[in-house]
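Asks: Residue strings, one per chain:
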Amino acid sequence: MHPLKDKACVVGVGETAYTRGTDRSQLNQILHATMAALDDAGLKPHDIDGMVLPMPMPTVEHLAANLGIPDLRYSASSNIGGAAPVAAVQTAAMAVALGIANNVLIPVGWNAYSGAGVRGAGRSGPVGLPPSFGLTMSEYYMPYGLAVPAQWFAWLATRYIQEFQVPIEGPAAVALAARKHAQLNDKAYMRGRPLTMEDYRNARMIAQPFRLFDCCLETDGACAVIISSAERAKDLKQRPVYIAGTAEGHPLPADDIPGRKDFFKIGLFYAAPKAFEMAEVGVRDLDFVQIYDCFTHIVLLELEALGVCKLGEAWQFVQNGRIELGGELPFNTHGGLLSEAHVAGVNHIAEATRQLRGQCGERQVKDAEVGVVTGFGDFGDGSLVVLRR
Amino acid sequence: MEATSQYKRLLPPMRGLARDFYGYCKQHELRFQKCSSCGAWRHVPREMCPDCGSFDYEWAKSAGKGKVFSWSTTSQPMLPQFADAVPYAIVIVELDEGVRMATWVVDVPPDQLRIGLPVEVQFDDVTEEVTLPKFRLRKQA
Ligand SMILES: [Zn+2]
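Protein chains in written order, with my numbering: chain A, 10 to 398; chain B, 426 to 566.
Accuracy of the hints is not assured; some may be wrong.
Claimed, not checked - Distance condition first, Cα-Cα at most 20 Å in a straight line; then the derived PhoX-like pairs of lysine-lysine: (1) K246/A / K53/A; (2) K270/A / K459/B; (3) K270/A / K451/B; (4) K16/A / K283/A; (5) K270/A / K492/B; (6) K490/B / K559/B; (7) K270/A / K319/A; (8) K492/B / K559/B; (9) K433/B / K490/B.
If you are wondering where the hints come from, they were derived from the structure by calculation, not from laboratory data. Since the structure is predicted, the reported quantities are computational estimates derived from the model, not experimental observations.
Just need the whole structure built from these sequences, with the hints factored in.
Replies: Written as C-alpha cells, this is what we have:
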C-alpha cells in the first residue's frame with residue numbers, strides 16, 4: 010500500500026459569497042474564507058501551523074500576521090496556475106502525514122471580476138505572470154497578440170475538434186450540465202440564470218472555438234480548505250474525508266504549447282494513473298468527478314485523461330445526461346468555474362468534500378463514497394486527488 | 426507591413442536566446458537551434474537539448490516551408506495593442522524541419538484556415554530593430 014494513502018484528510022471547507030462587485034480586498038476575502046473553513050472544522054486560527062499557497066499573493070507572511078498564527082512551521086507554494094490548488098493538497102497531505110505540520114491551510118481568493126484578475130489581462134495586458142511560462146509567452150506569443158488562456162487553449166481546441174470531428178453538442182453538454190447543477194446551489198453565481206441550448210449556440214465568440222458559455226466565470230470571492238492528518242481528523246467536528254490518492258503531472262514541454270510532439274497529452278494523462286493506483290480505485294468506482302472547467306473542451310480532454318473514455322470520445326460520453334446529477338458520472342455538482350464561481354478550483358475540493366459528507370441537499374449524489382477532483386492550469390499542467398469518505 | 430515608426434503592438438524583449446532568434450529574423454533568415462550532439466532541431470530556443478542533454482548547438486537555417494498545424498482565432502479584443510486586428514488568428518505552423526512556432530498567416534482569413542495548408546515564411550520589419558517572421562500561402566509544388 011502507498012504510504013500516503015488515507016493518511017491525510019480534508020477537515021474544513023469554507024468560502025465567501027461569490028459576487029460580481031465587492032468592497033473587500035483580496036486579502037480580506039481570503040481571511041473570511043479561512044475563518045469559515047476553520048469554523049467548519051471546529052478549529053481556531055492558532056491551530057493553523059502550515060500553509061500551501063496556490064497563488065503568489067497575498068504572501069504567507071501577510072496571512073499569518075492577520076490570522077495571528079503563533080508558530081507557522083511549514084509553508085510552501087505551488088505555481089502551476091489552476092493545477093495548483095489540487096497539487097497543494099498533495100503537498101499538504103505529505104506535510105501532515107509526516108508530522109511536519111498539524112493543520113495546513115490552502116486558500117484562494119481574488120477579485121477576478123472587479124480587480125485585475127482574469128479580466129485585467131484583457132484590459133491592460135497580463136501582469137505578474139509566473140516565470141514558468143511568462144518567458145515563452147512574452148518572447149514568442151505576445152508579439153502575435155496571444156496572451157490570455159482563452160487564446161492559448163483555443164490552439165488545443167481547434168485541432169481537437171477537427172481531428173476527432175467533435176460537434177457543438179460536445180462542449181454544449183458540459184456547459185448545460187454545469188448550469189443545471191448551479192440551479193441547485195445557493196452559492197452559485199449563476200443560480201436563477203438557467204441556460205438553454207439556444208442561448209449557448211447564439212452567444213458571442215470569445216476566442217474561436219470558445220463561445221461565451223464555454224468560458225469560466227469571472228467572479229469576486231474566496232474559498233479555503235484545511236488538511237489535517239487522519240489521526241487528528243477523527244477528533245474534529247466533521248466526518249473525515251480521506252485523501253486516498255493524489256498526483257501531479259505536466260505536458261512535454263510544459264512551457265510551450267506549439268512545440269509538443271504529443272499535442273493533446275495534458276499533464277493529467279501522466280498524473281491520473283498514479284493517483285488511481287495510490288487510491289486503489291478505478292475510474293468505474295467513482296460516484297462523481299469535480300473537473301477543472303476553465304473551458305468546456307478542456308473538460309472533455311480531462312475526462313479522456315482520467316480514463317473515463319478514449320481520446321476523442323468524450324463528446325459522445327457527455328450526451329444524454331450522463332454527466333448530470335442522476336446520470337452515470339455526475340460532473341461539477343456545484344456548477345464549477347463555469348456556473349458557480351472562479352476560485353481556481355478550491356471550490357471543487359470543497360464541493361467534493363461536502364458530497365462525501367452528505368451535506369449537499371437537493372444536489373446530493375446518493376450514497377457518494379468516492380470522487381475525484383482535478384486541477385488544470387498554465388499551459389496544461391495537471392493534478393488530481395481521489396477523495397473517499 | 427506597418428509603418429515602422431507607428432508600430433504600437435507588442436514587441437519581443439530582445440534578450441538572451443530571443444535576441445539571437447530575432448537577430449537572424451532581422452537578416453531575413455529563419456534559423457532554429459539544432460543540437461550539435463544528436464542533430465535534433467528545436468523551438469522555442471533552449472539552453473540545453475531536451476533530447477540528449479547537450480549544451481552545444483548551432484543556429485541552423487530553415488527552408489522556411491511548412492504547414493498549418495492549428496490556430497486560435499481571437500474574436501474579441503484581448504490585448505489593447507491588437508484590438509484593431511480583430512478577428513485575427515495566431516497560427517501554429519509546423520516547419521518541414523519538424524519544429525512548430527506561433528505566427529500569423531498574412532494572406533488567409535481566419536475562417537479560411539485549414540489543417541495542412543502549405544505555407545512559407547516572409548519577414549515583416551515592424552520596427553527598425555525588430556523583424557517578425559510571418560507566413561503566406563505557398564503554391565504546392
Ligand atoms: Zn541533442
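Asks: All hints are to be evaluated individually against the structure, with a verdict given for each.
Replies: Here is how each hint holds up against the structure:
{"no.": "1", "hint": "K246/A / K53/A", "verdict": "holds, 12 Å"}
{"no.": "2", "hint": "K270/A / K459/B", "verdict": "holds, 17 Å"}
{"no.": "3", "hint": "K270/A / K451/B", "verdict": "violated, 28 Å"}
{"no.": "4", "hint": "K16/A / K283/A", "verdict": "holds, 17 Å"}
{"no.": "5", "hint": "K270/A / K492/B", "verdict": "holds, 15 Å"}
{"no.": "6", "hint": "K490/B / K559/B", "verdict": "holds, 11 Å"}
{"no.": "7", "hint": "K270/A / K319/A", "verdict": "holds, 19 Å"}
{"no.": "8", "hint": "K492/B / K559/B", "verdict": "holds, 13 Å"}
{"no.": "9", "hint": "K433/B / K490/B", "verdict": "violated, 29 Å"}
When held up to the earlier numbered hints, the structure conflicts with 3, 9 and fits the remainder.
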